[in-house]
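Chain by chain, the residues:
There are 2 protein chains.
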Amino acid sequence: MRTVIGVDLGGTNIVSAVVNERGKILGKDKRPTLAHLGAKDVMLRIADSARSASHKSGIPWASHLGVGIGSPGPLSQKRGVVLYTPNLNWKNVHLVDFLQKELKKRVYLENDANAAALGESWVGAGKDETVVLCVTLGTGVGGGIILNGRIFEGATGVSNHIGHIVVDPNGPKTPYGNRGILEQYASTTGIARLAKEIRLKPLPGQPADARTFEEMALKGNRKAKKVYEIAGKMLGIGMVSAIHLVNPSVVIFSGGVSKAGDMLFKPMRKILEERCFKSHLKGLKFRLAKLGDNMGAVGAARVAWLHLPSSVKNKR
Amino acid sequence: MRTVIGVDLGGTNIVSAVVNERGKILGKDKRPTLAHLGAKDVMLRIADSARSASHKSGIPWASHLGVGIGSPGPLSQKRGVVLYTPNLNWKNVHLVDFLQKELKKRVYLENDANAAALGESWVGAGKDETVVLCVTLGTGVGGGIILNGRIFEGATGVSNHIGHIVVDPNGPKTPYGNRGILEQYASTTGIARLAKEIRLKPLPGQPADARTFEEMALKGNRKAKKVYEIAGKMLGIGMVSAIHLVNPSVVIFSGGVSKAGDMLFKPMRKILEERCFKSHLKGLKFRLAKLGDNMGAVGAARVAWLHLPSSVKNKR
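In order, the protein sequence lines correspond to chains A and B. Position one of the first sequence corresponds to residue 1 (this note's numbering), numbered consecutively onward. Position one of the second sequence corresponds to residue 1 (this note's numbering), numbered consecutively onward.
There may be inaccurate statements among the hints.
Put simply, identical chains are the same to the list, so a pair is met inside one copy or across any two.
[Claimed, not checked] Pairs of lysine-lysine, BS3-like flavour, derived with a Cα cap of 30 angstroms:
1) 282 with 101
2) 278 with 28
3) 78 with 91
4) 278 with 233
5) 40 with 233
6) 225 with 24
7) 270 with 285
8) 201 with 173
9) 40 with 101
10) 201 with 315
None of these hints come from the bench; they were simulated from the model.
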């Protein structure tokens, strides 16, 4: 049995999985990241998590051909370094070197959003599709573009920042100078912002967050429904731009805000039908991600499979 | 000497060129399209133009290995059919079949904007670049994305519609249902529309078109300068979205409106510097197209070079 280990390093959790060549998970570990412990301890936790996934799979450690890891960025893939990531408070962390020494395996690094998109394209909602556009509606809005099973990296590895598409040039300012970007509407942060803007307040004792407002909307609260309608419309505007530029065969949504379902996606579809060329909607599928919280780890495993030298993959 | 013929079919002119494997033009013909004559006569004019380019090159007809042709779309590349094109008033024209019979050569069809982008990437302003985003600011706004020397076609061949990026969700309506798209600001049509919007009138006896307004702006007319400033800003907004999504290594501008130079590009740059992540602007080049009106024909020739079977290319 040939296997690799895929690791999804998140701000909250580390998920590791032993994955075979067909994308099947044979063992899994999930543990809190505990980012406050600092880079070195988090890296040791990653190594422990990988070992634990291996242990649970019952497959001998020596059988794993390599390790793929998806990390928040920006990264230097070439040097195997996480340059900077606010979630973890990391700066210039030599993640690949550390893990190679610790695990005695080849380690391959990829941006977390790209890895997740690759996972869904490999064995999830984007299987057998040619041009996959993944859109994660989480704390922020991130994305990944997969072309014929390979990550589209752009010229310098920073493509797919779909959350930074301008949907209203006069919209609110972001901390980084842009205005009215998709992320300010269709993320959990965006939902909270919109609620504040239209003076929607949570019920007493509830936090003013997307989950609360989603529940309120589902129960029929008019203002809460309005928040999701605006978010859906703005998501639609952003998708019009992305679809005309990239012409995907499937768009895959994931992340907390995507759970709102029709409240969000109906107004999005309406905008798309009003504004897109028919040629761009023809045959275009919209799906929810299938792999749940395994998305990143499975994708990271695929990164390892794609990068392992064939001499290693074909060794008997 | 191995050569192919590249043909650029436009609403106004047909340009044909004999092109060698290194992108050098060895003979060229340019003649009016005369679209009013109808599809069949225009196709005969294309064939004549190709023969004339060959004649001027002094290279025997038999030496040309194939023909590439860039046509306005939408097309079916597979069937070699121009499905529909308002410029020429064509519907379901079997261009490839016709030319193969007429010219007795293999013929390869490509979208005109993609072909032009490929030409610039091959031997023009995008030479040796990994991710090239071409933006044509003409009657409309079109584009092409070239990845490592190959056209990015999207899932169904309709990617790169950069003119349809939404730059103002509440902007003016287009005939096809969208609103506030880049094309309504940064094309010749857009310039004329903006002029009307702010009540800029041409000098007596001058047409109310982009060329007139450009001249007025260059001579210091305040309102005309304002028109180009708005167009440049909106071009900036559209480019912010495109750059975050595609992460190009170079953006190449062509088309009539791009001749306005700094009047247009200064406000664009200002928006980009205000709104883009530094990581997305780092190393990113902005250039004007180099190949002039040969862009499409050279790109169409490259299409032929890329599609010719190696058995044909390597025949001695």
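Right, here's what the structure says about each hint:
1. Taking CA atoms no more than 30 angstroms apart as the test, residue 282 paired with residue 101 passes in neither setting, with 50 angstroms inside one copy and 33 angstroms between copies.
2. Taking CA atoms no more than 30 angstroms apart as the test, residue 278 paired with residue 28 passes in neither setting, with 43 angstroms inside one copy and 37 angstroms between copies.
3. In this assembly of identical chains, residue 78 and residue 91 lie within 30 angstroms of each other by CA distance solely inside one copy; the values are 16 angstroms within and 50 angstroms between copies.
4. In this assembly of identical chains, the alpha carbons of residue 278 and residue 233 lie at most 30 angstroms apart whether taken from the same copy (19 angstroms) or from different copies (29 angstroms).
5. For the identical chains of this complex, residue 40 and residue 233 are neighbours neither inside a copy (43 angstroms) nor across copies (46 angstroms), given an alpha-carbon limit of 30 angstroms.
6. Taking identical chains as interchangeable, the C-alpha atoms of residue 225 and residue 24 are never at most 30 angstroms apart, the minima being 39 angstroms within one chain and 61 angstroms between chains.
7. With identical chains, the CA atoms of residue 270 and residue 285 are at most 30 angstroms apart within one copy only, with a shortest distance of 15 angstroms there and 37 angstroms across copies.
8. Taking the closest pair of Cα atoms, residue 201 and residue 173 come within 30 angstroms of each other only inside a single copy of the chain (22 angstroms); across copies the shortest separation is 35 angstroms, beyond that limit.
9. In this assembly of identical chains, residue 40 and residue 101 lie within 30 angstroms of each other by CA distance solely inside one copy; the values are 13 angstroms within and 69 angstroms between copies.
10. Taking the closest pair of Cα atoms, residue 201 and residue 315 never come within 30 angstroms of each other, the shortest separation being 61 angstroms inside a single copy and 75 angstroms across copies.
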